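Taken in order, these protein sequences are the chains called A and B.
Heads up, the first sequence stops at 381 in this note's numbering, and the numbers go up one at a time, no gaps.
Heads up, the second sequence stops at 319 in this note's numbering, and the numbers go up one at a time, no gaps.
No lab work stands behind these hints: they were computed from the structure.
In this text, all values refer to a predicted model and were calculated from it rather than measured experimentally.
By construction, the Cβ of each residue, glycine as well, lies at the ideal position given by its N, Cα and C atoms.
Careful, some of the hints might be misleading.
Stated by the list, open to error - Residues from chain B shown here face chain A by an in silico Cβ test under 8 Å; the list is partial: (1) R89; (2) R91; (3) N258.
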Amino acid sequence: MDLDSSSTSISSDHVHWRPALFADGEMAGPRLSAMAIAHRDGLHIATDDGRIRLVWPYEVLAISRPLRQQPDRYVLYPTPTDRRSTPTLLIDDARLIEDLGRRFPRLREQSGDRDRLGLAALALVTLGFLGFVFTFTPINVSKLTAEAVPDQVWERVGNNLRERMVEQMGRRCNAPRGAAALAQMTGKLTAGLDDGGRFDVWVVDWPVVNAFALPGRRIIATRGLLTAARAPSHVAGVLAHEIGHGLLRHPESHLMRTFWSSLLVQIVSGGSGGENLLNAGASLLHLRYSRDAEREADARALPILRAAAVPAAALTGVLELAAADEVLRASSAAAGGLLSTHPSTRERIAAVERAPRYPTEPILSTRAFEDLQRICQPGAP
Amino acid sequence: MRRRLWSSVVVLDEPLVYTGTGRELLVGFAVVAVALVLPLVLLVNIGALLWGLQFALTAKILVFAAFVPLAGLAAYSARRYRLSRTMWRGRTGGMTGSALGFGWLSGWTAVFVLLSFGWLLPSRHLTLMRRLADQTVLAGCPTIFEQPPRAGLYGRYALLWLAIVGSVCLLFVGFGWIAHSVVRDQPGLTAAEAGELFRQRLPWLLAVVVPCLPLMVLGYAAYTVRKLRLMTAATRLGDVRFATTATTLAYARLLLTNLMITYVTLTALRPVAEARRLKFLVEQLVVHGDLSAVLERSAPYALDRGADGLGQFFDVDLF
Numbered sequence: 001m002d003l004d005s006s007s008t009s010i011s012s013d014h015v016h017w018r019p020a021l022f023a024d025g026e027m028a029g030p031r032l033s034a035m036a037i038a039h040r041d042g043l044h045i046a047t048d049d050g051r052i053r054l055v056w057p058y059e060v061l062a063i064s065r066p067l068r069q070q071p072d073r074y075v076l077y078p079t080p081t082d083r084r085s086t087p088t089l090l091i092d093d094a095r096l097i098e099d100l101g102r103r104f105p106r107l108r109e110q111s112g113d114r115d116r117l118g119l120a121a122l123a124l125v126t127l128g129f130l131g132f133v134f135t136f137t138p139i140n141v142s143k144l145t146a147e148a149v150p151d152q153v154w155e156r157v158g159n160n161l162r163e164r165m166v167e168q169m170g171r172r173c174n175a176p177r178g179a180a181a182l183a184q185m186t187g188k189l190t191a192g193l194d195d196g197g198r199f200d201v202w203v204v205d206w207p208v209v210n211a212f213a214l215p216g217r218r219i220i221a222t223r224g225l226l227t228a229a230r231a232p233s234h235v236a237g238v239l240a241h242e243i244g245h246g247l248l249r250h251p252e253s254h255l256m257r258t259f260w261s262s263l264l265v266q267i268v269s270g271g272s273g274g275e276n277l278l279n280a281g282a283s284l285l286h287l288r289y290s291r292d293a294e295r296e297a298d299a300r301a302l303p304i305l306r307a308a309a310v311p312a313a314a315l316t317g318v319l320e321l322a323a324a325d326e327v328l329r330a331s332s333a334a335a336g337g338l339l340s341t342h343p344s345t346r347e348r349i350a351a352v353e354r355a356p357r358y359p360t361e362p363i364l365s366t367r368a369f370e371d372l373q374r375i376c377q378p379g380a381p
Numbered sequence: 001m002r003r004r005l006w007s008s009v010v011v012l013d014e015p016l017v018y019t020g021t022g023r024e025l026l027v028g029f030a031v032v033a034v035a036l037v038l039p040l041v042l043l044v045n046i047g048a049l050l051w052g053l054q055f056a057l058t059a060k061i062l063v064f065a066a067f068v069p070l071a072g073l074a075a076y077s078a079r080r081y082r083l084s085r086t087m088w089r090g091r092t093g094g095m096t097g098s099a100l101g102f103g104w105l106s107g108w109t110a111v112f113v114l115l116s117f118g119w120l121l122p123s124r125h126l127t128l129m130r131r132l133a134d135q136t137v138l139a140g141c142p143t144i145f146e147q148p149p150r151a152g153l154y155g156r157y158a159l160l161w162l163a164i165v166g167s168v169c170l171l172f173v174g175f176g177w178i179a180h181s182v183v184r185d186q187p188g189l190t191a192a193e194a195g196e197l198f199r200q201r202l203p204w205l206l207a208v209v210v211p212c213l214p215l216m217v218l219g220y221a222a223y224t225v226r227k228l229r230l231m232t233a234a235t236r237l238g239d240v241r242f243a244t245t246a247t248t249l250a251y252a253r254l255l256l257t258n259l260m261i262t263y264v265t266l267t268a269l270r271p272v273a274e275a276r277r278l279k280f281l282v283e284q285l286v287v288h289g290d291l292s293a294v295l296e297r298s299a300p301y302a303l304d305r306g307a308d309g310l311g312q313f314f315d316v317d318l319f
């Protein structure tokens, strides 16, 4: 923008032109002597030889570093810059710096990126909104994405996770009669399920008292659980609870949640890959479901127990045993133990006590239960 | 940060100006994250869940192998971007070559370095430096890299290589010796007791290995300074030549203090360390010849304005 007769009016405003050095960017030689003035419509520049006279509006003005009160050299230039060359003005006059700072305070901030604060604000608002939506509304992204994945995929994932956990925890127990008893118990518990889906239960030689639901309807029960149980209904209660988690896709949702957060971390950090996710999946070992998830699993397990004619009290049977027995309590409270992942709350026990009574029968014979408890013994039939 | 640092560098009484924006860096990073990294990360993660650990490890190795040339491409792109956003008297800089070509060069030279157990590293450095310097344009002036003599470079590198390999061997031998001594001295120990005894004797190993660290730092400093001297002596801008007055001890002191600054503050003060390194390099640089005459004779160079997404993603130094 060239100067016009308004330059005359500038002089009459009793504001002063200040010395500066101008370079057009085409010639890399010494800068041309110039005068500059911070007027209300922009920075006016005029070279001493009169060849160049222009105005840079403040909106397009950028500076090499933020303006400060103390004397310093600054390079001013109009944006956007050109690929080849850009005119620049070098200033170090204190009065001009002060005038510029007053006319266009943005030069005191990190200029050159006008949208920086706006972008940051937009990002914060977006994150806040998403956080609100996912925290306080029923939208559960993890659950939605978990349900979108085909069952066959989850079964494969569950198999891989199960193998990983078995590697970490101990060998699989598969004594024939114990396995048959387990299959009988599982069959009775899942007989009444509408979708006809199978649950695959393994027993692992681990002394901790617990059971875990994995994606793809895989369940792992520990030797410790079988040993601690005083009756087959105790085992059935725990398995029914885990079946409840499986039917409600809690393991899948948890894994999806871990997947998304792990993905974000890996993208941002350029970090490591899949074995961390496998290990994170194996963290289902230590998963402590929310109270809501526990409540849902209990609610889902009650009809399963009823259909199998197992008393509702079986749901909390092992937990109550653990509460009463010090040794058992220590084992259950260990890392990965039943008490550490399924805290025994009065609420859970109260819900079980409120369940209507119905006729019950042993889910396994005494002989079959003994076979089940010996499933991990080497050489057991 | 760049804006502040660039404006602190003054050439012929003229401060450098950085014209890049945060938006460009953010957009570039996002594009690379979504278009390149996300598919790879998904492949490794989903593959691990579906096909197990073996697949994940194999995929990771392949991805890592692909990342070596990508890192070279990223370094070149980052350099091009930063030069194109660096103004001196209104003139910008850039790179005249291809980032893909540099990435390819970076990749296959890395293979040779691996196959030679690291002995070809100095050659690789010189090859890459030559390519970068030959294709660099500063304020409209192209730089030229003349093949330097390699005298002195391999000697210093050999010391560094031996220091590193020696320390690693010492570590392994030391571990083995301590383990053997535990078994020999107390044969009837349980695993827990043996482990405890092993831990008690470990400080002796550290007492031998830890003093090697300053040797490694000195070796690295000696090699880096020699490389810097070769590089500056081989680079010219028209008739102007360069040199550096950096010394091994000064650089080693800078390295150690920067390491302390960075790691004691858990990388919070890493920008300070980078600024100190830049200050050191700039202050040690000597210019021989009439730089202003060379620059005045030059004409503006129309260069591509590259993006820095890949560079940002790979965190190719802080700048």
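Verification of the hints:
1. R89: Holds: closest Cβ of chain A sits about 5 Å from R89/B, inside 8 Å.
2. R91: It holds, given that the least Cβ distance between R91/B and chain A is near 6 Å, below 8 Å.
3. N258: violated, 22 Å
Consistency note: the structure conflicts with earlier hint 3 alone.
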